[in-house]
Structure formats: C-alpha cells, structure tokens
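Two chains, each in its own frame: build the complex with the hints.
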Amino acid sequence: MQEPTFLILTALADGPRHGYGIITDVTEISEGQVRLRAGTLYAALDRLHGEGLIETDREEIVDGRARRYYRLTAAGAARLTAEAERLRRNTDVAFTRLRAPRSALIQGTP
Amino acid sequence: MTSLEGHYRRLLRWYPRHHRAVHEEEMLAVLMADAVPSQRRPGMADVVDLVRGGLRVRWNHAVGAPSAPHWRQAVNVAAILGPLMLITIETARVASGVVYAMTWRWDPMGLSALWWNLGRSLVFAIPYALIAALALSGMGRKAAAGFAWTWAVLYVWLVASPESDVGPVPRAPRVAPFYIDAGAVELLVFVLTSPPTWIAILVTLAPSPASARLRPAVVASWMAAGVATLVLSNLDWPVVDDLAMHIILTLAFLLAAAGAAPRSGTGRRTALILFALLLFAGNLMQALMALIAMLFAAVVIRAAGRA
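Taken in order, these protein sequences are the chains called E and C. For the first sequence, the UniProt record's numbering begins at 1 and goes up steadily by one. For the second sequence, the UniProt record's numbering begins at 1 and goes up steadily by one.
So here's chain C without its partners, still in its complex pose (with noise of 0.2 Å):
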C-alpha cells in the first residue's frame, strides 16, 4: 500500500523536472506538515490544488518570464538551422530528380528537368548557405539580416512575379501555394508565407546567432536524415501505401531530429519555430505529419526515460 507521502510524491509528476528537483522535498515537507496525522490520502482539494499548481508552473515555464532566455536561445538556434533545413529541402529535391532519372526513366527530357532543377536549386540554396554563414560569424549579424530581407524580396519577385518567366530563373512550380495574378492582399499573404521573409525575420531577431553552440556533426546528420527521408517520401513505392511511407519516413527524419534537440527547452523552442517554417516551405500534409510524429516521438522518448 502506498503511503500518503508516496501519494503525493506521485501527484507532483505534474510538476517540471527541474522544478521537482529544486523543489519537491520542500513542498513534500509543506504536504505532510499539512495533513492530518492519520490521513492516508491526499484531499480531493490537496489533488485539484497540486494537478493546477504543476499545469501553472508548466505554462509558466513555457511562455513567462522564466522562458525568456530559452525563446531567446531558440531564435539563435533556429536563426542559423532555419537556413540549413530550407538547404537540406533544395537538396532532397535534386537528389529526387537524380535519383528518379536513374531509376526509372532515362531520357532526354528528364535529363534537361534534371539540369533545370539543379539550377534552380543553386539559386534558391546559395543565399540560405550566405545567411547561415554570416549569421554564424559572428560580426556578420547585420549583414546576414540585410542580405535576408534582400534575399526575401528578390524570392518574392522570382517566384510571384509575372515577369519571372523571362527572370533568371523560371517561374518555380509547388513554391508558393499560389501564384499572385490577383490583388494586394493575396501578394500580402504570399510574402508572409515565403520561408526567406521568415528567415529574415528570424535573423533579425536573433540576440547573437553566433552564439548557437551547435554541433556540426549533429547538424550534418541531422541533414543528411533529412534529405534521406524526403527523397524516400518522393519516390513511388509499388508495395506501400504513400500516406503510411510519408508518415513511417517523416517519423524517422523527426525521431533523428527529436533526439538532438527537444531535450532541453531551447531545443523544444527551436523545434516549434522550425516546425513553423516547415508549414511554410513545405506543404500543410507534410507539416501536418510532421506534428503528428513530433509528438509520437516525445511519447516514445518520455516513455524510454522512464523504462
């Protein structure tokens, strides 16, 4: 039979980890001097009051003032990976290309999408790798934002302007959710969706993105898992069913991804900001799975702890 102590012992699992371990013998000693001498289990009041404290704390944690520094962190952090992932997703998409002109048809016309795409990829990957770059040396923070929201504007008129099928690069397709023929507001919507408006955001934001300390052998595999996936998801699977492959693969990429970095609160930051640009450059299903594998993966973590 469990003890009244080892009741509530239980009950503050409600409580952040790192709260209980400043503060669960305190408020243990707090319970038990406030019980009864022959009580044997906590009041209904005592469980309502511990169960909405830990949900407070929790809340309190996440967005007040004690979060501040790891919203700031993750802003850094995401500020140089943001980049780097819109990178690992213009190289899925020629690794694709190479990949689908390898295997299954082998012919002029695939050749010449290939070299179109490759193109079209530089161009849309090399100002990432600039940003990242000057992001990360650490004087370069002013110039990085600059060159960001350079980069922003001149995406916008690539991809959205009616004159981009006699720009340098041709009008990409699956970029942007749709193209602006129309009006001021849906030009307004596209520019707020486009990934390089909110890098530039993010890098104009950020404190000190050099002070990122990120690994470059996590990130490397971090990338690596990614273009893996989203070549895998893109290819046709004869046995599998696509939503089950999308879903099995986006779960891999993401437990990858998930055991880097949502153990620390900065990590779980970064995560849902970069969660956030990836319902911008990719699409909704795929943001949508993504969430859905986020999750799974912080169950199967929390349950890996505990075991």
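If we strip away everything but chain E, and leave its shape as in the complex, we get (with noise of 0.2 Å):
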C-alpha cells in the first residue's frame, strides 16, 4: 500500500470526511510531510471505492456545491488494519535493533 493511500484510509478511520477534509487531515496526521492535490486524491478515491475499501456517506449542499463525505467500509477497516500491523512490526524491527548496544555493530563489520 502507497503512503497517500494509507494516510487517506487513515484519515476516514474515526469517521466520515469529504474531499477537502480529507486534504487537511492527511496534512496534519503527515505533520506536513504529504499534501495532497485534488487530482491524487480522487484518483485515489475513485480506485479505493471501485475496491469497495470506502463509501460514500452522505451529501451535503455548501455554497451551492455538492459537498460529498466518504467512509471506510468493514473491508477497508479490516485492509487498514492489517497494513498499519505491517508498518509496526517493521518499525518494531527497526527500534530493537537500533537500541542494540553500537559497538556490537562495529565490530561486527570486517
């Protein structure tokens, strides 16, 4: 799973948000680190929901605009979850070993 995927399931994770939203949110969980632009975004959101991962929620009329929230389905939970328990055993691998005592390292190498 690419990061903007995994940051836009995450940012609908506690509950339905709609396309701006989803922008800012994913900005903020990143600390700044991805933003993402509308053409990313519903490509991603056209593939996600065509996988049954999301769903739209409701709509809303804001400024004469139709404003569109979109939800995880329990398959996009469950695909979440999943990848987010890939990343911590990776991440777990990676601090473990890192807090392994430096000198050991060094010698270690021919």
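Don't take every hint at face value.
[What the hints assert, rightly or not] Computed beta-carbon distance windows for the label pairs:
#1 C:R17 to E:T5: 22 to 30 Å
#2 E:T5 to C:A224: 47 to 55 Å
#3 C:L55 to E:R35: 16 to 24 Å
#4 C:R52 to E:L87: 21 to 29 Å
#5 E:Q33 to C:L214: 47 to 55 Å
#6 C:L55 to E:E51: 38 to 46 Å
#7 E:T5 to C:V48: 18 to 26 Å
#8 C:P16 to E:D92: 52 to 60 Å
#9 E:Q33 to C:L188: 22 to 30 Å
#10 E:S30 to C:R52: 17 to 25 Å
#11 E:E51 to C:L192: 47 to 55 Å
#12 C:V123 to E:Q2: 50 to 58 Å
Quick caveat, the hints were computed from the structure, so don't treat them as lab data. Source: prediction; values computed, not measured. The beta-carbon is built from N, C-alpha and C at its ideal position, and this holds for glycine as well.
Structure representation (structure tokens):
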C-alpha cells in the first residue's frame, strides 16, 4: 500500500470526511510531509471505491456545491488494520535493532 | 478572460464523463479551497496532478475493479455477436460470388464455383447460427459451449487436415493463414488463431450470454451493413483506387457499428473483442483498416457530441 493511500484510509478511520477534509487531515497526520492535491486524491478515492474499501456517507450542499462525505467500509477497516500491523512489525524491528549496543555493530564489521 | 474556476473546469475534461458528473463540483470546491485568493491561473503542479489523476481514473475504469461488470457484459454480448459476425462474413462471401457471377462472367465454370462456395459457406455458417441460438436461449449455455468446442475441433480438421480434400468440404481457400503440413507448433498457432476457437472461448467464458439484451433491428442492420460493405469492397472498381475503396467502405461499415455500440463502456469493450476476432477471421490489412476506421469514428462521434 502506498503512503497516500494509507494516509487517506487513516483519515477516514475515525469517521466520515469530505474531500478537502481528507486533504487537511492527511497534512496534519503526516506533520506537513504529505500534501495531497485534488487529482491524486480523487484518483485514489475512485480506486478505493472500486475496490470496495470506502463508500459515500452522505451529501451536503455548501455554497451551492455538492459536498460528499466518504467513510471506510468494513473491508477498508480490515485492510487498514492489516497494513498498520505490518508497518508496526517493521518499525518495531527497526527500533529494537537501533537500541542494540553500537559497539557490537562496529565490531561485527570485518 | 477565463476565471480560475473556468481553467480548472477545462482541466477536469481529462476525467471520464461519468466521473465528472458525480465529482466535478466537489473537485472544483477542493481546488478553489486550495487556491490562493489572488490566484488567476492553475499552478503547474496542479495541472500535472489533474491530468495524471484523470488518466489514472480512465485507466482504472478501463481495466480495474470498476470495469469488471462491463467486461463481463461485453463477453456476453460478444459471445452472441461473434458468431453473427462470422455468419456475416460467410454471407458476404456468397453474395460476392453471386454479384460477381451476374455482372462480370456468366459461365458454367463460374456457376459451379458459385455452388461450391454456397455449400462451403452454409457448412461454415450453420454452426455459428446454432451456437448463437443456443447461447441466447438461457438454458443452453453449456450446450452452446460444448457445441462451440466440437465445431472448433471439426473446423481445424476440415481446414487443416491433409485428408480434408476427401472430406465433406474441400479445403477452403484463404481461411487459414497457412496450411498444416509442417509441425506441432504450426498446428497450435493455427488452432489458436482460428475464429471457432475464439468463439468457443468466448461462449465458455460468458457468464450469461442470454442476458445480452440486443435489439434485433440494430443487429440486423449491423449485419446488413457488414454484408454490403464486404461485397462492395470485394468488387473490382475501375475508377477508385483499391485501398481507398477499402478504407471508405470499412469506414461506412464501422460507422454503423460505432453508432450502435461504443457509446457505452460495455459497447467499447465488445467492439474491442470483435475487432480481435476480425483480426483472426479476415486478414491483417482488413483489421488494420478497421482499427483506423474505429479511431476515426470515435473522433467523429466525439466532435459531433461537442458541437
């Protein structure tokens, strides 16, 4: 799973959001590292919708424009859980190894 | 002067129409919310992102998860139209012979060749009619597949086997790309490129060909246009250049087909499958012209839609 996809699903994990809401939330989650643009976001939403990972929650009219809210489906939540667990295993290994004494690392090198 | 919103709206044309119908206003809201208040034109990064996003959505709908139902239905339709297309080609072959015999040479030799062609085309067309009929009658799907495979094997024997000269049908001219005297590889290539094999594959894969709701009038006019085109393109034209004639006629045939089918996602996919079949049934030149004509037809239809 690519990072933008992971972040979009994460943005929807605690409740429905509309397009711009997802963009601002993803910026917040990634501490400004990932700034989604409309083209990228809607291509991803289109794909996720096709895969049944997200669905439309409701529509509102704001300033004369349709504002559509998206939410995770059960399949989407399961996929995000699996991906988050995979990432956690990887980061756990990284932290464990980083905590090992540095000297062993240096001496281990021939 | 075009407003920022107008610029964005133009960029959104990169997205498929149905996607725009649902998401255009929503995407505009996001784009406008993201714009700087004094901004007059979209930034370069936004332009690239929107174009890339549009192409991604199109690609996703062409082959991704959302396209699966279209593909299923296209295979259903092609399982019916494929056999009908081959009947069209056989009918045109007979009609060409009749027209040729009546207009240019009326001699006993030509007449016997005509009867021979008629018999051959009947033998080749009847199985396709049966396959289409069985596939259309909901209960006969398995029977249709079984029959289609039987015909595929029989066809290879009729056309390619060394004994075919003494078989019920003499060796057919111009049906096979080459005759099978050589080895297993050639035989395999021949089997894989023979139209009945592809009909059999289509009928086997089609989930429910009976659900292909085809309007008989449209199908009949499509077949009539096909016969007329093929007959006309087989005649010798004293004035017009052969290739130009071929292109014009193929174009006329495909415009009739294009008008009926490729308006929808299912129609476009059906056209693609049938085009591949045409590649095997006809010759490479015909298929190439068909492709050019299809592209041209798509451009013409799009231009007409805009106007």
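Hints and how they fare:
no., hint, verdict
1, C:R17 to E:T5: 22 to 30 Å, "holds (25 Å)"
2, E:T5 to C:A224: 47 to 55 Å, "holds (51 Å)"
3, C:L55 to E:R35: 16 to 24 Å, "holds (21 Å)"
4, C:R52 to E:L87: 21 to 29 Å, "holds (26 Å)"
5, E:Q33 to C:L214: 47 to 55 Å, "holds (54 Å)"
6, C:L55 to E:E51: 38 to 46 Å, "violated (19 Å)"
7, E:T5 to C:V48: 18 to 26 Å, "holds (19 Å)"
8, C:P16 to E:D92: 52 to 60 Å, "violated (43 Å)"
9, E:Q33 to C:L188: 22 to 30 Å, "violated (54 Å)"
10, E:S30 to C:R52: 17 to 25 Å, "holds (20 Å)"
11, E:E51 to C:L192: 47 to 55 Å, "violated (33 Å)"
12, C:V123 to E:Q2: 50 to 58 Å, "holds (56 Å)"
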